[in-house]
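Asker: Given the sequences, and given the hints that come with them, work out the whole structure.
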Amino acid sequence: MYHRLYIEYIYYFNVEQDYYECHEVMEELWLNEGRNRLLQALLQIAVGLHHFRNENIEGAVRLFKAALAKSTDTWSGKLGIDIDKLFTETEEYLKKLYAYEKAPFSFYPLHISILDERLHHAVVACVPKGVVEEDKF
7 MYHRLYIEYI
17 YYFNVEQDYY
27 ECHEVMEELW
37 LNEGRNRLLQ
47 ALLQIAVGLH
57 HFRNENIEGA
67 VRLFKAALAK
77 STDTWSGKLG
87 IDIDKLFTET
97 EEYLKKLYAY
107 EKAPFSFYPL
117 HISILDERLH
127 HAVVACVPKG
137 VVEEDKF
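In case it helps, the working numbering puts the sequence shown at residues 7 to 143.
Note that these hints are calculated values from the structure, not bench results. Hints may contain errors.
Derived EDC-like pairs: lysine to aspartate or glutamate, alpha-carbon spacing no greater than 20 Å straight-line [unchecked claim]:
(1) K71 with D88
(2) K76 with E95
(3) K101 with E64
(4) K102 with E61
(5) K71 with E61
(6) K71 with E107
(7) K71 with E95
(8) K101 with E61
These figures come from a predicted structure and were not determined experimentally.
Answerer: Here's what the structure looks like:
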């Protein structure tokens, strides 16, 4: 089974495209899970997108580079997602950011492809903690 915070991360990333919340939930998971490098890379990709959306090009470049430095590790098939595809798309984003001054472009989201059907169903059914309060009657 997948950790609730990991499911929330993918929900915020793919559905809400709220990269600040991605950062919040993934940082908590990353710290709880012993600072796993793959979780850190996922955290850095979300923060990179957050920076670029807020017109902080240097911050986006720095975070994408840091995440991609971890792409040399063997992650394929880990955590029920297509991490190789996400790293490839992040690398393409980074190349565009390097050329941003000459060829500006608008923010666009990345998408995490989910390979595990159980994870997909969990993300679809996800109601992040604190988003909907229980009925108090």
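Asker: Against each hint, give a clear statement of whether it holds in the structure.
Answerer: Structure-based check of each hint:
no.: 1; hint: K71 with D88; verdict: 19 Å, holds
no.: 2; hint: K76 with E95; verdict: 14 Å, holds
no.: 3; hint: K101 with E64; verdict: 13 Å, holds
no.: 4; hint: K102 with E61; verdict: 14 Å, holds
no.: 5; hint: K71 with E61; verdict: 17 Å, holds
no.: 6; hint: K71 with E107; verdict: 18 Å, holds
no.: 7; hint: K71 with E95; verdict: 13 Å, holds
no.: 8; hint: K101 with E61; verdict: 16 Å, holds
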